[in-house]
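Novice: One-letter residues, chain by chain:
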Amino acid sequence: GAVVSQHPSWVICKSGTSVKIECRSLDFQATTMFWYRQFPKQSLMLMATSNEGSKATYEQGVEKDKFLINHASLTLSTLTVTSAHPEDSSFYICSAADNHEQYFGPGTRLTVT
Amino acid sequence: GENVEQHPSTLSVQEGDSAVIKCTYSDSASNYFPWYKQELGKRPQLIIDIRSNVGEKKDQRIAVTLNKTAKHFSLHITETQPEDSAVYFCAVTSGTYKYIFGTGTRLKVLA
Numbered sequence: 014g015a016v017v018s019q020h021p022s023w024v025i026c027k028s029g030t031s032v033k034i035e036c037r038s039l040d041f042q043a044t045t046m047f048w049y050r051q052f053p054k055q056s057l058m059l060m061a062t063s064n065e066g067s068k069a070t071y072e073q074g075v076e077k078d079k080f081l082i083n084h085a086s087l088t089l090s091t092l093t094v095t096s097a098h099p100e101d102s103s104f105y106i107c108s109a110a111d112n113h114e115q116y117f118g119p120g121t122r123l124t125v126t
Numbered sequence: 253g254e255n256v257e258q259h260p261s262t263l264s265v266q267e268g269d270s271a272v273i274k275c276t277y278s279d280s281a282s283n284y285f286p287w288y289k290q291e292l293g294k295r296p297q298l299i300i301d302i303r304s305n306v307g308e309k310k311d312q313r314i315a316v317t318l319n320k321t322a323k324h325f326s327l328h329i330t331e332t333q334p335e336d337s338a339v340y341f342c343a344v345t346s347g348t349y350k351y352i353f354g355t356g357t358r359l360k361v362l363a
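Quick mapping for you: the protein sequence lines, in order, are chains A and B. In this text, residue positions in the first sequence follow the numbering used here: the first is 14, and each later residue adds one. In this text, residue positions in the second sequence follow the numbering used here: the first is 253, and each later residue adds one.
No lab work stands behind these hints, which were simulated from the structure alone. For clarity, every value in this text was computed on a predicted model and none was experimentally measured. Cβ coordinates follow ideal geometry from the N, Cα and C atoms, glycine included. Do not rely on the hints blindly, as some may be mistaken.
Stated by the list, open to error - Okay, the calculated beta carbon distance ranges per label pair:
no.: 1; chain 1: B; residue 1: Ser264; chain 2: A; residue 2: Pro53; range: 19 to 27 Å
no.: 2; chain 1: B; residue 1: Ala363; chain 2: A; residue 2: Ala85; range: 48 to 56 Å
no.: 3; chain 1: A; residue 1: Phe41; chain 2: B; residue 2: Gln266; range: 38 to 46 Å
no.: 4; chain 1: B; residue 1: Arg358; chain 2: A; residue 2: Ala15; range: 24 to 32 Å
no.: 5; chain 1: A; residue 1: Thr93; chain 2: B; residue 2: Thr330; range: 41 to 49 Å
no.: 6; chain 1: A; residue 1: Thr44; chain 2: B; residue 2: Leu298; range: 16 to 24 Å
no.: 7; chain 1: B; residue 1: Gln266; chain 2: A; residue 2: Asp40; range: 34 to 42 Å
no.: 8; chain 1: A; residue 1: Gln55; chain 2: B; residue 2: Lys310; range: 23 to 31 Å
no.: 9; chain 1: A; residue 1: Glu76; chain 2: B; residue 2: Gln333; range: 42 to 50 Å
no.: 10; chain 1: B; residue 1: Gly307; chain 2: A; residue 2: Ser28; range: 47 to 55 Å
no.: 11; chain 1: A; residue 1: Gln55; chain 2: B; residue 2: Gln266; range: 21 to 29 Å
no.: 12; chain 1: A; residue 1: Ser96; chain 2: B; residue 2: Gly307; range: 44 to 52 Å
Could you build the full structure based on these sequences and the hints that come with them?
Specialist: Structure representation (structure tokens):
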């Protein structure tokens, strides 16, 4: 089946710094990737839809200047959390779409101290 | 926009019993309904899915039923085992790849 990787798997950063998370589709090309955020004991909340070669579409309430998304190729999308704060600490999961199914990455646990 | 409700939020069953989780949705254009199992700290894993042109689908101990008229679909797990303990999420999409997830059900199978 389709494989999606994410890097890093976990990261700790200081408040005010930026963190970049990579999402790669390893064995298929994905014109569309998604970024989710999951707080403890909660559901996956869609943050944005990343489209290769165009601007990302952000969900209501998600600050596009804070969560920068770049989908520069058919196999790579990146999410940069800028000026991170402790409330940004969460589990970030990407997914890549292939034939109407989504394949999830393993997630990145971000802790902002 | 689409609204997905999932019930119950927690469910405890004795090993060997059945578990049923239900989701309701609002958008009649929705046409694909996957179910995911997520273990702590891990990615969601697709366990079964159903498309709008089918009323029921079964895969060994797991089945999903869809009632398009009432706009709800359910996950059925029979002969539950301790390893079925996890959080289960339903999702809904209208074919645009964009998924809306339910709130999740924490299933605990008691040995």
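Novice: Look at each hint and say if it fits the structure.
Specialist: Results of checking the hints against the structure:
Checked against the hint of 19 to 27 Å, the C-beta distance between Ser264 of chain B and Pro53 of chain A comes to roughly 20 Å, which is consistent with it. Range check, Ala363 of chain B to Ala85 of chain A: about 49 Å between beta-carbon atoms, so the 48 to 56 Å window is met. At roughly 41 Å, the beta-carbon separation of Phe41 of chain A and Gln266 of chain B lies within the given 38 to 46 Å, and the hint holds. Checked against the given bound of 24 to 32 Å, the beta carbons of Arg358 of chain B and Ala15 of chain A, roughly 27 Å apart, stay inside it.
For Thr93 of chain A and Thr330 of chain B, the Cβ-Cβ distance of about 45 Å falls inside the hinted range of 41 to 49 Å, so the restraint holds. Judged by the Cβ atoms, the range 16 to 24 Å given for Thr44 of chain A and Leu298 of chain B holds: they are separated by roughly 20 Å. Separated by about 41 Å at the C-beta atoms, Gln266 of chain B and Asp40 of chain A satisfy the suggested range of 34 to 42 Å. Taken as a hint, the range 23 to 31 Å holds for the pair Gln55 of chain A and Lys310 of chain B, whose Cβ atoms sit roughly 30 Å apart.
Between Glu76 of chain A and Gln333 of chain B, the C-beta spacing of about 43 Å keeps the proposed range 42 to 50 Å intact. At roughly 52 Å, the beta-carbon separation of Gly307 of chain B and Ser28 of chain A lies within the given 47 to 55 Å, and the hint holds. For Gln55 of chain A paired with Gln266 of chain B, a C-beta distance near 27 Å keeps the hint of 21 to 29 Å intact. About 50 Å separates the C-beta atoms of Ser96 of chain A and Gly307 of chain B, a value consistent with the hinted range of 44 to 52 Å.
Comparing the model with each numbered hint stated earlier shows that all of them hold.
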